[in-house]
Amino acid sequence: MWIFLMSDAFTFSSLLIAYGTLRHKFGDSWPIPGDVFHHFPFYHGEIKLAYVGLMTFILIMSSVTMVLAVEAGHRNSKKEVMLWMFFTIIGGLMFLGSQAWEWYHFITGSEEGKMIGGKLIHGANLSINEYGNPLFGDFFFFITGFHGFHVFSGVCINIIVFILVARGFNDRKKDYELVEKVGLYWHFVDLVWVFVFTFFYLI
Amino acid sequence: MSETATIHADAHHSDDGGRGMRKLIWKTFWILLFITVGEIIIAFSSIPHGILKLIFISLTIVKAYFIVGTFMHVKHERTQLGYTILLPFALIVYFIAMMMAEGNALHFIREVIEGIK
Numbered sequence: 015m016w017i018f019l020m021s022d023a024f025t026f027s028s029l030l031i032a033y034g035t036l037r038h039k040f041g042d043s044w045p046i047p048g049d050v051f052h053h054f055p056f057y058h059g060e061i062k063l064a065y066v067g068l069m070t071f072i073l074i075m076s077s078v079t080m081v082l083a084v085e086a087g088h089r090n091s092k093k094e095v096m097l098w099m100f101f102t103i104i105g106g107l108m109f110l111g112s113q114a115w116e117w118y119h120f121i122t123g124s125e126e127g128k129m130i131g132g133k134l135i136h137g138a139n140l141s142i143n144e145y146g147n148p149l150f151g152d153f154f155f156f157i158t159g160f161h162g163f164h165v166f167s168g169v170c171i172n173i174i175v176f177i178l179v180a181r182g183f184n185d186r187k188k189d190y191e192l193v194e195k196v197g198l199y200w201h202f203v204d205l206v207w208v209f210v211f212t213f214f215y216l217i
Numbered sequence: 536m537s538e539t540a541t542i543h544a545d546a547h548h549s550d551d552g553g554r555g556m557r558k559l560i561w562k563t564f565w566i567l568l569f570i571t572v573g574e575i576i577i578a579f580s581s582i583p584h585g586i587l588k589l590i591f592i593s594l595t596i597v598k599a600y601f602i603v604g605t606f607m608h609v610k611h612e613r614t615q616l617g618y619t620i621l622l623p624f625a626l627i628v629y630f631i632a633m634m635m636a637e638g639n640a641l642h643f644i645r646e647v648i649e650g651i652k
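Taken in order, these protein sequences are the chains called A and B. Whatever position you read off the first sequence (first residue = 1), add 14 for the working numbering. Whatever position you read off the second sequence (first residue = 1), add 535 for the working numbering.
Derived from the structure by calculation, the hints contain no laboratory data. Any given hint could turn out to be false.
With a Cα cut of at most 25 angstroms, we get these calculated PhoX-like pairs of lysine-lysine [to be verified]:
1) B:Lys-588 - A:Lys-39
2) A:Lys-195 - B:Lys-610
3) B:Lys-610 - B:Lys-558
4) A:Lys-195 - B:Lys-588
Can you build the whole structure from these sequences, using the hints too?
Put into structure tokens, the structure is as follows:
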């Protein structure tokens, strides 16, 4: 598991390093993340970075429930493992929903838009970006998409393990190593988000 | 895979029914939350951007330390496993240093050729 996590960490490092390099190259036209991500549900003003802060909170919280599930597994308490894993799955789904919301607002963009090359442009896709350099959009979609897909796989694996636990798989094996392994993966996803959050949204 | 499961035998799990571990988990959670909220608050302060970057990167490494150390329990594993996992990332640090220099050089070339400031 650790070998897999390390290779995955190298992949994410490379992606973030590529982001950093091109950001240095195009520093003059790079958008300021705080100006791009300032939407918040049910609120029409601008609160910069609040939503992504909430997403970070959700993911850290789900990491806590996961580690509590692992801890309950050490005491062979099936009921508690199931309870905490359930909360972890809910947290993962909430994070995915938040990310979809964030993407939606980035893609549709602001109401007033921006004139680029004589055309009024709203939002961003892989080739245009009203906020600045299109490369920002490319990296945003690729890195957060890649991370989001990790979260999605994590939720799927969590659901599988949850069902296995519910059917008594771990009671027969007399240990909860399976929960421990999926926990490692889940914390890794949380760890990657901590770095994405810093390099994408804060700096 | 046995390395990942060695935590069973740890001392802080043995007698108090995991209470100490749960306390540690929640403590770590509060630290992580506190750092994240702090980061968002100082993002809008008037600290110069260069220093702010340094603060963010160091706080991120602090957060990573707590996640890897406590949640992924590397702190409670054998020391050799910790080194095996962490040392290869020295290469990543080197990679970062190289590529940032590369990015600055590319920016300099654009300044010269395209006259961008």
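Status of each hint after checking the structure:
1. B:Lys-588 - A:Lys-39: 17 angstroms, holds
2. A:Lys-195 - B:Lys-610: Cα-Cα ~17 angstroms, so holds.
3. B:Lys-610 - B:Lys-558: 16 angstroms, holds
4. A:Lys-195 - B:Lys-588: Answer violated: A:Lys-195 to B:Lys-588 is near 34 angstroms, above 25 angstroms.
When the structure is compared with the earlier hints, a violation turns up for hint 4 alone.
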